[in-house]
Structures are given as structure tokens and as C-alpha cells.
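> Chain order of the listed sequences is A and B.
Take the first sequence: its position 131, counted from the start at 1, is 131 in this note's numbering, and no numbers get skipped.
Take the second sequence: its position 6, counted from the start at 1, is 1006 in this note's numbering, and no numbers get skipped.
These are computed hints drawn from the structure, not numbers from a lab.
Where a beta carbon is used, it is the ideal one built from N, C-alpha and C, also for glycine.
A few of these clues could be false.
Label-pair distances were calculated between CB atoms; the ranges are [as the list claims (entries may be wrong)]:
| no. | chain 1 | residue 1 | chain 2 | residue 2 | range |
| --- | --- | --- | --- | --- | --- |
| 1 | A | LYS130 | B | ALA1085 | 44 to 52 Å |
| 2 | A | SER100 | B | PRO1045 | 25 to 33 Å |
| 3 | A | GLY39 | B | PRO1083 | 32 to 40 Å |
| 4 | A | ASP119 | B | ALA1085 | 53 to 61 Å |
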Amino acid sequence: MDFTRRETLALGGAAALTFVLPFRASAAADDAIAEFTGGAALADAGVELTAPEIAENGNTVPIAVSAPGATAVMVLAAGNPTPGVATFNFGPLAASQTASTRMRLAGTQDVIAIAKLADGSFARSAKTVKVTIGGCGG
Amino acid sequence: MASGVKPRVKVPKSASAGDAITIKTLISHPMESGQRKDGDGNPIPRSIINRFTCEFNGQSVIDITLEPAISTNPYFEFEATVPEAGEFAFTWYDDDGSVYNDNKAIAV
């Protein structure tokens, strides 16, 4: 099979695009974090994210967040087509700032939790989850 | 409105004043993410529950914003303080404007 110069360029362009796409996805996650924190610095301690190391089914991955004293916790999946997962806003009657749910993961990726603490500072925690079967259709 | 939406909530029947109780909620909902395609390759439009709130006697316990990455039949587990006897009100807000409610009374 012979490739013309034009075809080769087109193929190369398509290949480059597939490599660039994952970086664009994580850029969207960074944007979401910046929007939530307003660009504030992120501490390492203060929020705990519990997620399985290996998830067999990306359609239902159980996760739990715990951030003592936090007013809000945002969960992001950096490798999903849309990075947002959920934002938990804790009210005055929340006994502890913990919550758990089940989420979809498109593939092996980092799950990130950002907590807004009572004093207005932010904390970040991330965990890599290996996904055997992705959960975004297709 | 998504069909067959049925909220299920698990709250203890009674608790001591000031106690922390664990609440588990589940609502049957397809949570169509908007990413999937049907047999002809047309994208299936997004249809999810975008917000869930839990209140006790009018005071907020938790308010969750949901994105398409939440699984089908969204499940939540969280803890609440019970200062007095009263009623928990659970509300789910659908993309299409539907609102699903459930209430659970608790004795002290």
C-alpha cells in the first residue's frame, strides 16, 4: 500500500490528535478545580478519598470522601469525557463530613477530591483507580 | 420524566437526641450520561438527576450536585445529627424538571 504525502500527513495528524486528547481532558479537570477553589493553593492533608485500587466494572465504582470540618467536597475524574463527578455540600446538621456514592469511570485514571475547609482553605487528595471495563458506553 | 423512578431511603426509626445516624438513599433512575449512542449511532440525550438534598425540619443536612459520572440508580450514604424528633425530607431534582420526594419521620 502506497501513501501519498497528503495521506501520510493526514494520518500523522490524526495520530497526534489521539495523543493530545487525554491531556485536554485533564486540562478540563484543572479548569474545574480552579473554578471551585478560585485558584487558591491546595494542601495535601484534610481530605480523605476512599476508592478501590482496581475496579472491575467502571459503571459502578464505590467511592467515599471524608473531610472533617469541610463545608464542601468536590470529586473529579480526570480521565472521564466530562471530569465532574459530584459536589457534596454539607449542611449544619451533617454529623460528619463523610459521604459515599457510586460513580462511572471511563478507564484507568486518577480520581481527585477537593475539599473546601471551614477556614476557607482547600485540600486535595487523589487516588489512581485501575478500571477493567470502562463505564461510558461505546 | 424518566419512567419507573422510585426513591428508597433507609433511616432508623428512632435515635437519641444529638445522635449521629447513618442515612442511605437509593433512587432508581437511568442517569443517561449523554455520552452513549443508540444503535444508529445517534447520541442519546443526557437525562440525569442533577441535584439531591436532604433536610431535617427545614435545616440542611447535605446538598449534592450530581454530574453525568454518577452511576445508574444513584446511591448516597451520609451521616446526620438528630437534635429533636422530626422529619427528614429528601428531594431529587431531575434534568427534565421533575422533582422526586421522600419523607421519613424519626422519633427521639
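> Taking the beta carbons of LYS130(A) and ALA1085(B), is their distance inside 44 to 52 Å?
holds, 46 Å
> Check the following: the C-beta atoms of ASP119(A) and ALA1085(B) are separated by a distance inside 53 to 61 Å.
Given a distance of about 34 Å, which is not inside 53 to 61 Å, the answer is violated.
> Taking the beta carbons of SER100(A) and PRO1045(B), is their distance inside 25 to 33 Å?
holds, 29 Å
> Note whether the CB distance of GLY39(A) and PRO1083(B) lies within 32 to 40 Å or breaks it.
Between GLY39(A) and PRO1083(B), where Cβ atoms are some 37 Å apart, the hint holds.
When held up to the earlier numbered hints, the structure conflicts with hint 4 and nothing else.
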